[in-house]
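Student: The chain contents come next:
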Amino acid sequence: MLKVYAGPVAVSTEFIDFDLAVTTDREISGHGLWFVVSQGGISFHNSSLEIGERKWRPPIAIDETIFEVEGLKIAALYGKELRMRNLLHKLSSLNVDMIIGYLKTDDYNPYALMASGWGCSQYMATSTLVANFTKDVIGYSLFSKMNDFSDGVQLLFERYAIMNIPVEKEKDLNKRVKRNKGLRND
Amino acid sequence: MINELKKFFSSFLFMKRTRFQPRASLKRVKQESEIFRVAAVQIRFQAFKKVKDFYYSVLKNVENAKEQGAQLICFPEGMNLELQPISHDIMSHSQCTHISELYSKIFMNISINEGVYISEAQKWENTVVRSIWTPDGHRLNGERVSCGGRKIVFFKEGYNCDDKIDLVLNPAMTRVWTGDYESFRNAWLLSQQMYVYSVESYMVGNYKGTQFLGKSGIYGPIEVTNSRNGILALSKSESFEDLIIAELNFTRLEKVVNLVRDKSYDRLLSSNT
Chain F
1 MLKVYAGPVA
11 VSTEFIDFDL
21 AVTTDREISG
31 HGLWFVVSQG
41 GISFHNSSLE
51 IGERKWRPPI
61 AIDETIFEVE
71 GLKIAALYGK
81 ELRMRNLLHK
91 LSSLNVDMII
101 GYLKTDDYNP
111 YALMASGWGC
121 SQYMATSTLV
131 ANFTKDVIGY
141 SLFSKMNDFS
151 DGVQLLFERY
161 AIMNIPVEKE
171 KDLNKRVKRN
181 KGLRND
Chain S
187 MINELKKFFS
197 SFLFMKRTRF
207 QPRASLKRVK
217 QESEIFRVAA
227 VQIRFQAFKK
237 VKDFYYSVLK
247 NVENAKEQGA
257 QLICFPEGMN
267 LELQPISHDI
277 MSHSQCTHIS
287 ELYSKIFMNI
297 SINEGVYISE
307 AQKWENTVVR
317 SIWTPDGHRL
327 NGERVSCGGR
337 KIVFFKEGYN
347 CDDKIDLVLN
357 PAMTRVWTGD
367 YESFRNAWLL
377 SQQMYVYSVE
387 SYMVGNYKGT
397 QFLGKSGIYG
407 PIEVTNSRNG
417 ILALSKSESF
427 EDLIIAELNF
437 TRLEKVVNLV
447 RDKSYDRLLS
457 SNT
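In the order they appear, the protein sequences are chains F and S.
Start counting the first sequence at 1; every next residue gets the next number (the working numbering).
Start counting the second sequence at 187; every next residue gets the next number (the working numbering).
These are calculated hints, taken from the structure and not from any lab test.
Glycine included, each C-beta is placed from N, C-alpha and C at the ideal position.
Check each hint, because a few of them may be wrong.
Unchecked claim - Below, a list of computed lysine to aspartate or glutamate pairs in the EDC-like style, where the Cα atoms sit at most 20 Å apart:
#1 LYS350/S <-> GLU409/S
#2 LYS337/S <-> ASP352/S
#3 LYS291/S <-> ASP366/S
#4 LYS337/S <-> GLU433/S
#5 LYS291/S <-> GLU249/S
#6 LYS80/F <-> ASP452/S
#7 LYS90/F <-> ASP452/S
#8 LYS401/S <-> ASP148/F
#9 LYS80/F <-> GLU409/S
#10 LYS135/F <-> GLU409/S
#11 LYS145/F <-> GLU343/S
#12 LYS145/F <-> GLU368/S
#13 LYS3/F <-> ASP17/F
#14 LYS145/F <-> ASP366/S
Stated by the list, open to error - Covered, in the sense of this in silico footprint (three residues per stretch, anywhere, with C-beta under 8 Å from a C-beta of chain S), are these stretches of chain F:
#15 58–67
#16 100–113
#17 119–125
#18 147–159
As the list claims (entries may be wrong) - Among chain S residues calculated to face chain F with C-beta under 8 Å, some are:
#19 MET294
#20 THR364
#21 TYR367
#22 MET380
#23 SER450
#24 TYR451
When you get a sec, could you build the whole thing from the sequences and use the hints?
Tutor: Structure below.
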């Protein structure tokens, strides 16, 4: 399981031992692996050092959408890309482990989240974490492939949350847990 | 039983064909092709002992849908099972063929007399034969058909296509219904991802001890629905008969498609990298 925190940096101190964090704050913690999602793009930071970035524009190569995070392939998709069946088809052939999506809507609309995040998870059979920017608030959602025991909606719209995301590459994760202890251990 | 069926059909076809005016109905559909009214019929399984009872049951649904302005009426998968006196695994090949022909004649006849398009799907042991009957009595089948000036495909799991399509039909029959999210996983999701309208109709009820469930629906991308939920019409129950109708506005859909279409992605998605 990949333990992921999503929300403001300040609130992350409530949690310990997460492997990866996603935020929309500009100022991030000096420790750990952080994705920073903004209206202009997404960047990936390791111990506050930016080591990857994607601007929200059509990619020239599919690789531009993928961040390699210690053996895991995490694709970062912008709004309408979450619903592009052809793009998702291409990404699934590259064995992407997880999707982080950016979605901007006027208001909170669960159906828009379903169409983008939930739909992406059903088609790709991977977990999808969506940062939903509305006029008033930013919320995080987590979806997975539905099965007999789950409808695939793990988290519909929360301002912050800690979540467990199943990934297959357990070996790499064990290393990461040792390295990133969260902010409380700083 | 078979002689009775033959007699019924020969007399019925002779009697009804005089009412047939296909050209007028086709013209009407083409003129109004920007707005297309579709119906999804949710059928509760019942075994018919007489062909004419089955015929009148289909006709009643078609007439109800037509009264509400439907031009295309989508029936669920497996209605041919209602007509079979015995299970198809113990029927001979010729019996199966005969039932199939009778079943097809019923739909052909009704589509001609009522001047509407009808979609149906015959379920056989290992295959499902999905067809659209046109008001002039033609049977359209295959993966993609052109109907009333619109490109229509039948739903397929994992469907992926570059070409522009207007409408997806999913005549369905399912045993697994885990909850309301089942309503979203097939046609609704395809509408969101392919920016098309979709019609899904379910066979429900008990067939040979197995309970079939499903909520029929007519869907479009969330951007073309006033309630922003992608649902144009949804059946009220997952286990009872229902008839739902919705208007598909292709002009509105085209506007949305033009807004989201981005040719910058074409090269990326067509390349091998």
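Student: Is the Cα-Cα distance between LYS350/S and GLU409/S 20 Å or less?
Tutor: 18 Å, holds
Student: For the pair supplied as a hint, LYS145/F and GLU343/S, is the alpha-carbon distance within the 20 Å limit?
Tutor: 14 Å, holds
Student: Could you grab the alpha-carbon distance between LYS135/F and GLU409/S and see if it respects the 20 Å cut-off?
Tutor: Holds, because 18 Å separates the two Cα atoms, which is no more than 20 Å.
Student: Under 8 Å is the threshold here; is the Cβ of SER450/S close enough to any Cβ of chain F for the hint to stand?
Tutor: This hint holds: SER450/S lies near chain F, its Cβ roughly 4 Å from the closest one there, short of 8 Å.
Student: Going straight from one Cα to the other, do LYS401/S and ASP148/F come out at no more than 20 Å?
Tutor: 18 Å, holds
Student: Would you check the hint for LYS337/S and ASP352/S, treating anything up to 20 Å between C-alpha atoms as holding?
Tutor: Holds: LYS337/S and ASP352/S sit about 5 Å apart, inside 20 Å.
Student: Take a quick look at whether LYS145/F and GLU368/S sit within 20 Å of each other, Cα to Cα.
Tutor: 12 Å, holds
Student: For the segment 147–159 of chain F, do at least 3 residues have a Cβ located nearer than 8 Å to some Cβ of chain S?
Tutor: It holds: at least three residues are needed, and the segment 147–159 of chain F offers 4 whose Cβ sits within less than 8 Å of chain S.
Student: Holds or violated: LYS80/F with GLU409/S, Cα cutoff 20 Å?
Tutor: 12 Å, holds
Student: Would the hint linking LYS3/F and ASP17/F be met if the CA-CA limit is 20 Å?
Tutor: This hinted pair holds, its Cα atoms lying about 8 Å apart.
Student: Would the hint linking LYS291/S and GLU249/S be met if the CA-CA limit is 20 Å?
Tutor: 17 Å, holds
Student: Any CB of chain F closer than 8 Å to the CB of MET294/S?
Tutor: 35 Å, violated
Violation of the numbered hints given earlier is confined to hints 3 and 19; the remaining hints are satisfied by the structure.
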